[in-house]
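J.: Taken in order, these protein sequences are the chains called S and R. Residue 218 is where the first sequence starts when you use my numbering, and the numbers rise one by one after that. Residue 1077 is where the second sequence starts when you use my numbering, and the numbers rise one by one after that.
Hints should not be assumed to be uniformly reliable.
[To be verified] Label pairs and their in silico Cβ distance ranges:
| # | chain 1 | residue 1 | chain 2 | residue 2 | range |
| --- | --- | --- | --- | --- | --- |
| 1 | S | L310 | R | L1263 | 26 to 34 Å |
| 2 | S | R349 | R | R1341 | 35 to 43 Å |
| 3 | S | G440 | R | R1341 | 31 to 39 Å |
| 4 | S | N259 | R | I1199 | 42 to 50 Å |
| 5 | R | A1323 | S | R349 | 43 to 51 Å |
| 6 | S | H412 | R | L1263 | 37 to 45 Å |
| 7 | R | A1323 | S | G235 | 31 to 39 Å |
| 8 | S | V433 | R | L1090 | 42 to 50 Å |
| 9 | S | G235 | R | I1330 | 19 to 27 Å |
| 10 | S | V237 | R | W1221 | 58 to 66 Å |
| 11 | R | V1315 | S | R233 | 45 to 53 Å |
| 12 | S | A345 | R | S1091 | 25 to 33 Å |
| 13 | S | E402 | R | S1091 | 21 to 29 Å |
Don't read these hints as lab results, they were simulated from the structure. In this text, a Cβ means the ideal position worked out from N, Cα and C, and glycines have one as well.
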Amino acid sequence: MQNPSPAVRIRGLVKRYGNVTAVDGIDLDISSGSVTALLGGNGAGKTTTIAMIMGLLLPTDGSIEVLGHDMLTSRFHVLARMNFESPYVEMPLRLTVRQNLTVFGKLYGVAGLPARIDALARDLELRAFLDRPVGKLSAGQKTRVSLAKSLINEPDLLLLDEPTASLDPDTADWVRSHIERYCAERGATVLLASHNMGEVERMASRVLMMKAGKIVDDDTPAGLVARYGRQNLEEVFLDIARSPEATANDPEPVS
Amino acid sequence: MSAAGMDNGLGARLSRVSAMVQRHWYLLRHSWPRTIELVYWPTVQMLMWGFLQVWLAGESGPVATAAGVFIGGVLLWDVLFRGQLGFSITFLEEMWARNLGHLMMTPLRPSEFVASLMVMSIIRVAIGFIPVTFLALWFFGFNLWSMGLALVAFFANLYLTSWSIGLFVSGLVLRHGLGAENLAWSLSFLLLPLCCVYYPLETLPGWLQSVSLCFAPTYVFEGMRALLLEQTFRSDLMVRALAINVAYFALAAIAFRSLFDGARRTGALLQMGE
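With the rest of the complex left out, here is chain S (with noise of 0.2 Å):
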């Protein structure tokens, strides 16, 4: 599974707020164009790295190298390369969706701007709304809004948070699909939080399964399914997560 240069490469990864420990020595290569899944309860530590991957947060100690670029002391050469979308972190919501793209775009320094936002509104299907207000769309819209916004710079690593919360089970397969496209194309490496475990069946090649800021299993979907004798992988999230000891090699009930 170990790819000799993976776009995320993580050692000794330790986030402390105060006495409080987020993430606890987290060590983890994430492989170039692969879909990766990163599974735990609330408080597991996801959302907190994520954070420092994208360089939003300080580690306490470790180091994080995204595409060959240490994020705490070289990341302006990497997050043209990288973006993020979740349904959580809103657009500006007074600004069209246009503006917003246009303002994204050159942010991101993206050459041809109208033309990749033409683009991006014929496969998002964003051309009826293009230039109403962002905050004037339906929920559905915006998550559309926001992965456009995440694609605008065609990245090589894109980190997903719950990108489908939300959303009806229709537009959530849509989402997923064009995702599944966009990677399928470009080759880009995903790092996918979710709490839909049927989305990470679906997408991810591997899954991290995260508690009190450790990563205490990793393997395939099927792979953790077989090991913990499960029927699929809320089984084996819910045996993590109930479990405070629990391994595949100690598997606790389902109640």
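Starting from the known structure of chain S, fit chain R onto it as the hints suggest.
T.: Frame of chain S, contents of chain R only:
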């Protein structure tokens, strides 16, 4: 077609600054109350001080000779105060929109972000200030623009002070959240009595004069009075103001950087709420 540029040269930096200016220009264009507000307070201030001066000129001879010092003072004070407000409010707009996290994930550097705040502070002041100078000419026959090149020195020094305050306040808000927002509206007012906007430096008690001379705007307002009352441009005052401004701006930049790093350590960039 649209691979993100890896260019971190001057062109790319200017492009990112212009993207941020464009973002805030869109915001101003979308909201006429925001634009009206930029003109409203400078107009009210100018009219109040202008009529006060008209009354004083009729009552007392010596004050009558001080033609324009009140209106000149209020107009230049507005450059300082609105310049700082323009800087801080542009920053706060990002906090209110919870957009700072988005921005800091892009290749936008803090220094480029700060440069865009400076440009926006000039734009916002210009929108409010230029019409008011013509109103002053119409109502009171006071032509600020007749100060000529001296105005450039006054403006440059006042903008530098306003950016130093704006930078420091923005750093505090970044680190401590919107709870520190009120400083954006109030901190500049500390300078109003100290920097002798409407009266000469000698009006202050001796010990306070020493304090007052630690602030660059004091030299600007003394310089303005010298120009209006004695028709003398005091370049020595402007040079001293510039030296103080450079020192304060450097300190504010260090403070902002330190508070920004503090925000990255505590996770404040992820929260950006109250």
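J.: Can you name, in rising order, the numbers of the hints this structure does not satisfy?
T.: none
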